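Number of protein chains: 2
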Amino acid sequence: MDPIKDLREHFTGIVRLKYIAFLLEWDMQVYMPSGASQGRGEQSALLEGIIHQKLVSDKTAEIIKKAEGVSNPNLIDAAMLREAKRDYDRAVRVPLELVKEIAKTTTLGYKTWEKARAKSDFKMLKPVLEKLVSLKQQEADKIDIGPTRYDTMLDQFEPGAKSDWVLKIFNDLKPHLFRIIKKLDSSSNKPNQEILKKFYDPEKQWDFSVEVLKKLNYSFEFGRQDKSTHPFTTSLSSTDTRITTRIWENFLPACLFGTIHECGHALYEMGFDKEIHDTILADGTSLGIHESQSRLWENMVGRSREFWRYWYPILQKYFPENLKKFPEEEFYRSINSVQPSLIRVEADEVTYSLHIILRYEIEKELIEESIMVSELPQLWNQKMEELLGIIPPDDAKGVLQDVHWSGGGFGYFPTYALGNLYGAQIYSKALEKHPIFLEEFEKGEFSTLLSYLRENIHQYGKIYEPRDLLKNVTGEDLNSKYFIEYLERKFYPIYKI
Amino acid sequence: MDPIKDLREHFTGIVRLKYIAFLLEWDMQVYMPSGASQGRGEQSALLEGIIHQKLVSDKTAEIIKKAEGVSNPNLIDAAMLREAKRDYDRAVRVPLELVKEIAKTTTLGYKTWEKARAKSDFKMLKPVLEKLVSLKQQEADKIDIGPTRYDTMLDQFEPGAKSDWVLKIFNDLKPHLFRIIKKLDSSSNKPNQEILKKFYDPEKQWDFSVEVLKKLNYSFEFGRQDKSTHPFTTSLSSTDTRITTRIWENFLPACLFGTIHECGHALYEMGFDKEIHDTILADGTSLGIHESQSRLWENMVGRSREFWRYWYPILQKYFPENLKKFPEEEFYRSINSVQPSLIRVEADEVTYSLHIILRYEIEKELIEESIMVSELPQLWNQKMEELLGIIPPDDAKGVLQDVHWSGGGFGYFPTYALGNLYGAQIYSKALEKHPIFLEEFEKGEFSTLLSYLRENIHQYGKIYEPRDLLKNVTGEDLNSKYFIEYLERKFYPIYKI
Chain A
0 MDPIKDLREH
10 FTGIVRLKYI
20 AFLLEWDMQV
30 YMPSGASQGR
40 GEQSALLEGI
50 IHQKLVSDKT
60 AEIIKKAEGV
70 SNPNLIDAAM
80 LREAKRDYDR
90 AVRVPLELVK
100 EIAKTTTLGY
110 KTWEKARAKS
120 DFKMLKPVLE
130 KLVSLKQQEA
140 DKIDIGPTRY
150 DTMLDQFEPG
160 AKSDWVLKIF
170 NDLKPHLFRI
180 IKKLDSSSNK
190 PNQEILKKFY
200 DPEKQWDFSV
210 EVLKKLNYSF
220 EFGRQDKSTH
230 PFTTSLSSTD
240 TRITTRIWEN
250 FLPACLFGTI
260 HECGHALYEM
270 GFDKEIHDTI
280 LADGTSLGIH
290 ESQSRLWENM
300 VGRSREFWRY
310 WYPILQKYFP
320 ENLKKFPEEE
330 FYRSINSVQP
340 SLIRVEADEV
350 TYSLHIILRY
360 EIEKELIEES
370 IMVSELPQLW
380 NQKMEELLGI
390 IPPDDAKGVL
400 QDVHWSGGGF
410 GYFPTYALGN
420 LYGAQIYSKA
430 LEKHPIFLEE
440 FEKGEFSTLL
450 SYLRENIHQY
460 GKIYEPRDLL
470 KNVTGEDLNS
480 KYFIEYLERK
490 FYPIYKI
Chain B
0 MDPIKDLREH
10 FTGIVRLKYI
20 AFLLEWDMQV
30 YMPSGASQGR
40 GEQSALLEGI
50 IHQKLVSDKT
60 AEIIKKAEGV
70 SNPNLIDAAM
80 LREAKRDYDR
90 AVRVPLELVK
100 EIAKTTTLGY
110 KTWEKARAKS
120 DFKMLKPVLE
130 KLVSLKQQEA
140 DKIDIGPTRY
150 DTMLDQFEPG
160 AKSDWVLKIF
170 NDLKPHLFRI
180 IKKLDSSSNK
190 PNQEILKKFY
200 DPEKQWDFSV
210 EVLKKLNYSF
220 EFGRQDKSTH
230 PFTTSLSSTD
240 TRITTRIWEN
250 FLPACLFGTI
260 HECGHALYEM
270 GFDKEIHDTI
280 LADGTSLGIH
290 ESQSRLWENM
300 VGRSREFWRY
310 WYPILQKYFP
320 ENLKKFPEEE
330 FYRSINSVQP
340 SLIRVEADEV
350 TYSLHIILRY
360 EIEKELIEES
370 IMVSELPQLW
380 NQKMEELLGI
390 IPPDDAKGVL
400 QDVHWSGGGF
410 GYFPTYALGN
420 LYGAQIYSKA
430 LEKHPIFLEE
440 FEKGEFSTLL
450 SYLRENIHQY
460 GKIYEPRDLL
470 KNVTGEDLNS
480 KYFIEYLERK
490 FYPIYKI
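Residue numbers (numbering that gives the first Met the number 0), protein chains in the order written: chain A, 0 to 496; chain B, 0 to 496.
Be aware that a few hints might be false.
If several chains are the same, the list does not tell them apart, and a pair holds so long as it fits within one copy or across any two.
With a straight-line cut-off of 30 Å between C-alpha atoms, the simulated DSBU-like cross-links for lysine-lysine are [said to hold, decoys possible]:
#1 Lys273 <-> Lys99
#2 Lys316 <-> Lys495
#3 Lys114 <-> Lys273
#4 Lys17 <-> Lys58
#5 Lys103 <-> Lys4
#6 Lys273 <-> Lys110
#7 Lys103 <-> Lys273
#8 Lys489 <-> Lys442
#9 Lys110 <-> Lys17
#10 Lys99 <-> Lys58
#11 Lys203 <-> Lys226
#12 Lys428 <-> Lys489
#13 Lys214 <-> Lys226
#14 Lys316 <-> Lys203
#15 Lys53 <-> Lys4
#16 Lys99 <-> Lys17
#17 Lys396 <-> Lys110
#18 Lys181 <-> Lys382
#19 Lys226 <-> Lys17
#20 Lys99 <-> Lys125
#21 Lys118 <-> Lys226
#22 Lys84 <-> Lys53
#23 Lys99 <-> Lys53
#24 Lys17 <-> Lys53
#25 Lys213 <-> Lys203
Calculated directly from the structure, the hints in this document are not laboratory data.
None of these values were measured; they are calculated from a predicted model.
Looking at chain A on its own, in the form it has when it is part of the complex:
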């Protein structure tokens, strides 16, 4: 009789079923034939039901209760119990009927969003979005972590984070971003992206991305890369972490930085300590920390001068017709050009967080009922003008661009911006400890940085909560100054300021 062992095994059963659900999803996005959607939907719903039942069962309650009786659990055991209780509590408080209603409405929301976006018609989405907001409000009221509904939602993605804390961080960050953007805009020698918009053979883009993955220590023994419409990372077990990328033949960064971004996520999941493999702790400790890893590799490493010192000559050999005579320095500048734009996923490092702040401000008010769904398009456009100085020509390029809300994902967006901030703070610390990284990048070596991240972050999975983890690594709470300093130090020289 070992209550912690029972807990571990019981939740590993649930985790394994989730991995199976992720395979259903991976296959759907990557290889499933088009006519198979409905049958696959039924399978996913069935499996989700089984997972939910297992999680909220009396057996789970009993196992947790017994584990709570264990005195002085070690670090891992205590974390397992914490996460088990967290998952159980969130799930058991929501009536099965509401779970099913949300699942159904989410599916409908996704389908409706696809159509509404294609027609750029927000009115099509309005009814289902209203229903979804109401259902997610009911769900939050049941779970009630508090203090507000929005806090409950946020906590699902960023455990321990409170909305007031996020608000303060974003309000601190905003004027700095405005200031930096204004300064960059005043430059008389701006980089531009023209070179990136030539034709780049898709097969060669793919081959280059694989070469980069290998050097970044992504393991093809425990993972693979495929293509999908939207790049993503998924773990189908602790020894099977797959990524996808997309290839645009007239825009080089899509595949290249898509691959590096997902590689960053994957390296996190590939780095969990064997002790927690396939357990409830085998996951990123929060979406924000997860995003810190993807953004760190994509931007701080992948868009650095040092990185391209090694890779640019190789890239030139892949695409001599475009790049043979194009200088390395100008290429480096082109992949770092800053320009307020309409679409979040295409935004540069500087303006990106403003897209997130916009979404955060809107969804918070929506959930707290200060605004109504019908007001979203107008509010979106108004805030776009305030924050980025541009107004979307239509809803497809405005309020309809992201899938998150149509899938009920409220409280998710802030984690993207937190990821940038976490990433800069962690990277700053890593550089301080091992300044040699940068020299290594120039030689195509990335293992010292990876070792640092593995040792300080990856291995722990969910053992430490995000705030504790960050404090352990950097010695302080989240501080946006690292991100601001990083932007200034990087972009002023690029803009010859």
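Starting from the known structure of chain A, fit chain B onto it as the hints suggest.
Below, chain B alone, put in the same frame as chain A:
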């Protein structure tokens, strides 16, 4: 309260879980990274356990009992009940411990077989094979459909078939095959396979196979083709039937006929009536009938003169360096050359059934305890000499060549030969009704034949049991004369006899 509806839905739940298990398997064979085996194995075992529990639950018993109370069920309802009872009875009689022990030993058997075959060392496999035989005997004793253990095993793959019936069919068939082989061997103008053993670019082989699939009405909306070590067909729902092929760059038939063979299986599964989609009836009515469809398309269509009248000029354009000057008639002869050989999966249409008869004779005696596992290699070689006139140089090319026994698949082999016989009988009937097929093949048209098979076989899935189905289609019980006539009519001209 509709007991049949309840039955239908309950078993559809089980079927959907099986589809998920098939996806785990498909992914493992096609795309899973090498390091992920163990985690995947755990997931499969977990899911199999859930499926088993659901099948043998009190709820299943209750649902079946209520459905049995329904008077005058229609054809489909009666078939659902019959198949539900069949699955339930087979599963509920086997103790869970034995199920788990067999699953574990099967996995070990497969791994051991791989190593033993690589080293051509039967002794390595012997202990686990002995255990497996004993476990499968225990299982058969529990299920006990009878009259003998072997009948119980056979019934799993070929419902309603009895070992005595199979024995009679095989004993009838044997002398005819000997006679035909002898006659072909006496020819002074034999075809040979040299032209097929040149280098054929793998990518072009793939493209050609896809072109063939499209013309054969394989639906890429409801399926896809990938590559794997061993070609197979699997349905991941009633609207998702996938096939795989393999490409050998120095042997053209591997990909070409592998694809057509699997396409034949897939067309069966793609043709089930919508009414039975995703139900317990959405499956081939037996492995023998399933194999009849694959062999019919592979051999009777795919290796016919008419088929190549249309396809050979196209194939020549794919591989002009090899085929431009090579005559169509000689190509047709080369893909139909007959030669006793060591490996079953590479055997021609004439000698193939002898490989099966050998396996059937051996496994029957093994299960009935007339021979021991240790005697297998010697008995194998002895029977090879008797039936095919050649002796394997080692066990890898002899008793170790097939995976079936190492996976506990006793009673499976006969269905391969039955498939040839069913196929010839069905094809003969189809040709009698619609002699125009052959002219259509010459124009690259295959839909009349497919419509015939859909209407008479495919749509029914498991609604009719194999014997009834065959009688409905052809008006008589299985009769090997159709196969023998087919061989004689086809091969004597090829051999200029």
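Right, here's what the structure says about each hint:
1. When the C-alpha separation of Lys273 and Lys99 is checked against a cutoff of 30 Å, the pair qualifies only between copies, where the shortest distance is 26 Å, while the shortest distance within a copy is 35 Å.
2. Taking the closest pair of Cα atoms, Lys316 and Lys495 come within 30 Å of each other only inside a single copy of the chain (28 Å); across copies the shortest separation is 59 Å, beyond that limit.
3. For the homomeric pair Lys114 and Lys273, the shortest alpha-carbon distance between copies (27 Å) is at most 30 Å, but the shortest distance inside one copy (44 Å) is not.
4. Taking identical chains as interchangeable, the C-alpha atoms of Lys17 and Lys58 lie at most 30 Å apart whether they share a chain (18 Å) or sit on different chains (25 Å).
5. For the identical chains of this complex, Lys103 and Lys4 are inter-copy neighbours only, at 22 Å across copies versus 36 Å inside a copy, given an alpha-carbon limit of 30 Å.
6. When the C-alpha separation of Lys273 and Lys110 is checked against a cutoff of 30 Å, the pair qualifies only between copies, where the shortest distance is 24 Å, while the shortest distance within a copy is 39 Å.
7. In this assembly of identical chains, the alpha carbons of Lys103 and Lys273 lie at most 30 Å apart only when taken from different copies (24 Å versus 37 Å within one copy).
8. Only within a single protomer do Lys489 and Lys442 lie at most 30 Å apart by alpha-carbon distance; the minimum there is 20 Å, versus 66 Å between protomers.
9. Taking the shortest alpha-carbon separations for Lys110 and Lys17, both the intra-copy value of 23 Å and the inter-copy value of 27 Å come in at or below 30 Å.
10. Taking CA atoms no more than 30 Å apart as the test, Lys99 paired with Lys58 passes in both settings, with 22 Å inside one copy and 22 Å between copies.
11. For a Cα distance limit of 30 Å, the shortest separation of Lys203 from Lys226 qualifies both inside one copy, at 14 Å, and across copies, at 22 Å.
12. When the C-alpha separation of Lys428 and Lys489 is checked against a cutoff of 30 Å, the pair qualifies only within one copy, where the shortest distance is 17 Å, while the shortest distance between copies is 78 Å.
13. Both within a single protomer and between protomers do Lys214 and Lys226 lie at most 30 Å apart by alpha-carbon distance, with minima of 20 Å and 27 Å respectively.
14. In this homomeric assembly, Lys316 and Lys203 come within 30 Å of each other (Cα to Cα) both inside a single copy, at 10 Å, and across copies, at 28 Å.
15. For a Cα distance limit of 30 Å, the shortest separation of Lys53 from Lys4 qualifies both inside one copy, at 17 Å, and across copies, at 26 Å.
16. Taking the shortest Cα distances, Lys99 and Lys17 sit within 30 Å of each other both inside one copy (17 Å) and across copies (22 Å).
17. Taking the shortest alpha-carbon separations for Lys396 and Lys110, only the intra-copy value of 18 Å comes in at or below 30 Å, while the best inter-copy value is 54 Å.
18. In the homo-oligomer, the alpha carbons of Lys181 and Lys382 lie at most 30 Å apart inside one protomer (18 Å), although the nearest pairing across protomers, at 87 Å, exceeds that limit.
19. In the homo-oligomer, the alpha carbons of Lys226 and Lys17 lie at most 30 Å apart both inside one protomer (22 Å) and across protomers (27 Å), since each shortest distance falls under that limit.
20. With identical chains, the CA atoms of Lys99 and Lys125 are at most 30 Å apart within one copy only, with a shortest distance of 21 Å there and 52 Å across copies.
21. Within a single copy, Lys118 and Lys226 get their C-alpha atoms as close as 26 Å, which meets the 30 Å cut-off; across copies the closest is 39 Å, which misses it.
22. Taking CA atoms no more than 30 Å apart as the test, Lys84 paired with Lys53 passes in both settings, with 14 Å inside one copy and 27 Å between copies.
23. Within a single copy, Lys99 and Lys53 get their C-alpha atoms as close as 15 Å, and across copies as close as 21 Å, so both meet the 30 Å cut-off.
24. For the identical chains of this complex, Lys17 and Lys53 are neighbours both inside a copy (11 Å) and across copies (19 Å), given an alpha-carbon limit of 30 Å.
25. Within a single copy, Lys213 and Lys203 get their C-alpha atoms as close as 15 Å, and across copies as close as 29 Å, so both meet the 30 Å cut-off.
Every hint from the earlier list agrees with this structure, and none is contradicted.
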